[in-house]
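Visitor: Just so you know, the sequences run in chain order P and D.
Everything in the first sequence is counted per this note's numbering, starting at 1 for the first residue and increasing by one.
Everything in the second sequence is counted per this note's numbering, starting at 1 for the first residue and increasing by one.
Treat the hints with care, as some may be off.
Intra- or inter-copy, both count: the list cannot distinguish identical chains.
Here are the simulated EDC-like pairs of lysine to aspartate or glutamate, each with C-alpha atoms no more than 20 Å apart in a straight line [what the hints assert, rightly or not]:
1) K16 to D95
2) K124 to D32
3) K85 to D128
4) K85 to D23
5) K85 to D38
6) K147 to E62
7) K16 to D65
8) K124 to D143
9) K147 to E82
10) K147 to E9
11) K85 to E105
12) K124 to E36
13) K85 to D95
14) K85 to D143
15) K85 to E9
16) K147 to D65
17) K147 to E109
18) K147 to D23
19) K16 to D32
20) K147 to D32
21) K85 to E109
22) K124 to E109
Calculated directly from the structure, the hints in this document are not laboratory data.
Protein chains: 2
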Amino acid sequence: MAIPDWLDETESRAWKGYVLTRDRLAAAIGRDLARESDLTFVEYHVLASLHSTPQHRMGLSELADTLQWSQSRLSHQITRMERRKLVARESAVRDARCSDAVLTETGLETLCNAAPGHIASVRKHFIDNLDDVQLATLADTFDTLLKYLTGGEPGPSPQNT
Amino acid sequence: MAIPDWLDETESRAWKGYVLTRDRLAAAIGRDLARESDLTFVEYHVLASLHSTPQHRMGLSELADTLQWSQSRLSHQITRMERRKLVARESAVRDARCSDAVLTETGLETLCNAAPGHIASVRKHFIDNLDDVQLATLADTFDTLLKYLTGGEPGPSPQNT
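With the sequences and hints as input, model every part of the structure.
Guide: What follows is the structure in structure tokens.
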């Protein structure tokens with residue numbers, strides 16, 4: 001019994017390369033973060049997501065959508081981070097029945113302390129291994145994929161252009 | 001207090017695009033798999049990894065390395081998959097003190113049943129949204145990154161070439 005292989009050689013290299021790179025990149029960058037800060041990659045991602053908003057807060061539903069997590073998984077994560085005073089839960093400004101996750105002073109300080117090392121790690125394992133053309137193509141490729149994945153739009157063109 | 005932003009615009013689009021795409025792509029492809037088969041993306045990945053070897057078996061250490069998981073996380077995963085008879089644990093051929101994970105008949109059948117839908121899903125969410133140049137560049141880019149991440153080799157050239 002064989003698995004049908006409906007991907008051609010380049011497609012297969014792109015997809016399998018993506019899957020393998022994804023796991024190894026997360027591991028390498030996660031190890032650097034753990035060594036140099038008290039944050040996991042996931043915690044850094046949550047803090048950086050909150051930091052990216054003007055008020056340093058985000059509705060739990062929106063944050064779950066950004067991270068593509070279930071509400072329940074996010075809720076457990078936020079509870080763990082609340083215990084460490086990295087984030088707080090507050091009533092949402094627009095609708096008191098909903099909750100926002102809010103970056104605390106401790107969270108901001110922890111994020112800012114971790115950022116230089118994390119950015120250096122992203123450079124080392126990802127950016128500095130790629131040339132300008134690869135980087136620019138990657139940036140455009142992820143723009144295209146994100147547009148599709150967030151809006152359900154079809155890609156900009158048929159596969160072969 | 002601000003996070004230093006040491007990535008230029010293209011670098012930032014490439015990295016943040018990568019992180020956001022990664023989470024959404026895994027979610028979209030995971031949802032398709034869950035709807036059309038009894039497998040999670042992780043389970044599919046384990047079965048496909050075993051299937052990719054000539055004997056449909058792999059040492060637990062090697063499998064942990066392929067997936068970039070701790071031995072303990074892998075062991076729990078394999079135990080859950082053993083209960084469903086998707087894989088079996090056997091003494092390693094080369095060293096009976098070590099264990100191999102082995103693809104069972106049920107595992108093979110489950111994988112082969114899931115494969116056409118999974119490949120269609122990978123096409124839909126990933127490959128078909130990209131043109132030939134993007135795909136070829138991605139394939140080369142992931143080759144470069146994997147070579148570095150698996151061997152600790154420096155990238156092929158300084159950043160600007």
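Visitor: When the hints from earlier in the document are held up against this structure, which numbers fail?
Guide: 1, 3, 4, 9, 13, 14, 15, 17, 22
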